[in-house]
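The primary structure of each chain is shown beneath.
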Amino acid sequence: MPSQERMNRVIHKVLLVGVVASMTLIGAGLILSIFSDGHSDDWVELGSLWGSIMQGNPIALVELGLLVLIATPLLRIITALVLFTAERDYRFILISLVVLGMVSLAVIIDI
Amino acid sequence: MDAMTAVGILLVALVAGVLGALLGLGGGIIVIPGLTLALGFGMQEAIGASLMGVIASSTGAAVRYVHQGYVNVRLGMLLETATTTGAILGALVAVYLDQDWLAILFAGVLLYSAYHMLTKRERVYRPEELQGEAQVLDLSCTYVDPKDGQEVCYGVRRYRTGLLASLGAGGLSGLLGVGGGVIKVPVMNACMCVPMKAATATSNFMIGVTALAGAIIYVRYGYIEPVLAGLTALGVLVGAVAGSRLVNYTGGRSLRIIFGVVLLLVAMLMVLKGLGLLEVV
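Residue numbers (numbering that gives the first Met the number 0), protein chains in the order written: chain A, 0 to 110; chain B, 0 to 280.
Take these hints with a grain of salt, some might be off.
Stated by the list, open to error - Covered stretches of chain A (in silico footprint by chain B; criterion: 3 or more residues with CB under 8 Å from a CB of chain B, positions within the stretch not fixed):
| hint | region |
| --- | --- |
| 1 | 17–24 |
| 2 | 42–50 |
| 3 | 61–75 |
| 4 | 86–96 |
None of these hints come from the bench; they were simulated from the model. No residue lacks a Cβ here, since even glycine has one placed at the ideal position from N, Cα and C.
If we strip away everything but chain B, and leave its shape as in the complex, we get (with noise of 0.2 Å):
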């Protein structure tokens, strides 16, 4: 491998740690076509470089964040039971699907999640407001904002539809190898009343989860190309590690209008895929 490529991984991998810090993604929508489409490498290694990546965007910004308590520990190892699983039902039934129309079908969920982010506000709730299966399970959190001192205790709604919806993303992800940050964080802070730092922040913590099963399946392979994996995985770590410190001089509504954009650029590409103009996302 010349300089030259090194170099273009590095930052490739740089630009996802960073955004996929801020945003709670993976970064494998950054990874994967600037590996294939800007630096011509295969789909497979690709795949397999974006999967170290993604964990390496979730370990590195989620040191910080559960530091200091933006991660919702709990909320986040529910929610993985029904990612995971979604994950594996996904993947059992992908076969059967038609992926062009599942991609399509994705957009169209993006396009509504991207109109909630840009138009609505944040709702967030004190635990004792909560009536009903809030009080069933318990996921309440607290953190101090450093951007103006304050401290957020939130409670956290409608766990079962929460569940139900991370169960629907671990399938898109299964499906179609996206998705795992993408809808994750607009349910957990839409639907299920988290504030954005700490949805996108749990959604971090949550994504090294999802992307483990595939590891471990790439490494006993051999499908990895180390030194490809290894810039990948560096260039992200430290991305992540520069981006989950910008959090603190962001608010919450910039966070979910920079959300909202990323959301509709993806569902551009999810419809490019679906109409087979695309095929590396």
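The following block holds chain A by itself, in its conformation from the complex (with noise of 0.2 Å):
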């Protein structure tokens, strides 16, 4: 079945830049939080995520490589959403979005 070669080599690179990324990110920021002194360890809020990298918080790098990691289930169901469109397969084009769906939902009523 040609359909499941090209499923499985598109969702397989999805999720390979997924774990590079997020292990590259988080590894960094906790080898860069043992030698750099003078921020803490705890959360930064997300809205200045991207100014605490850039003023050089490790801890900022981590959390980053996190929300990559999180990120990238949710790519991989988009990217069988896409695959299921273009093979016009409309039964599975339903199930995607209901996984898409539920996660939202529960995300929405704070579950």
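Put the complex together from the two separate chains, hints included.
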């Protein structure tokens, strides 16, 4: 089945990029935090994340890595949705949308 | 945080990553007791780190499993609709139910699954052997098992029962905070006749999505301890990438035995939890 191979190839790439990027960011942030003084280990508010990275706060780098990690499965659902749409596989378009909807619903109602 | 604690976190995470990748579990069952009981962290920061660990384990292992074709993407996404719905329902009704009785009930389900895993032989059907509902929704999939070089082409049976059981599995993880992988693998393997390697790989692929909502909420409220969560995620990722290579040297039969033993251990933990002797799982 050619569509199975294509699906696997594309999703493999998405997951690989997510894993390598988050490992690099988290690893770099943790190593830098050993050698740099004068920052706290506390959670950086997401609003000021980018500014903190620019100021050289290694914890903000770890946090960015965690965000990339969380974004990976989300991106993988969206990728599958795009591929199912390209194949006009309506049942699985619906299935991907339900999964996305349920995750969003859980976040919205705060479970 | 001192260096010894950091090494301890990394070790717990590595073990969780390897086992999680091999067996299709999120590893929360190792990470949470490891961080709270052994290393003295609080429950909330441990759960936050464990959620990151589950996503790390799922993603780290799935990279290789998707590449090798072990993951049945369509089956995984179909069952994700049920696990995510179940998790929401479970969390909504959790306040009305007695957690202790639930834990004991869950232990019963686990014991039955363990009995099945340890005593029964695996049955796999070729897609053309299946009648009825398998033809309504074709979820058949093919992979090459590098252990013997054989191409395995299997059809998926009873997807409606599988959906219902996944709803229950999602519900339990919403109610008890555990139980995603330990239910999904036996359901796929025993009820839907998915070969063990494909069942663990597909479960691995799915759990990242089950943990997703929880992780987003924890991040939004800043309930995450960055260094702890970072170390956990990194350790689990390395462990999962390593563990996903081990599967090539393991047969489906040995995987079932290891899984059965883990099920017995988790059942024991659940009984302890139900009796009020253990608060940390």
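Results for each hint:
no.	hint	result
1	17–24	holds (count 4)
2	42–50	holds (count 4)
3	61–75	holds (count 11)
4	86–96	holds (count 4)
In summary, this structure violates none of the numbered hints.
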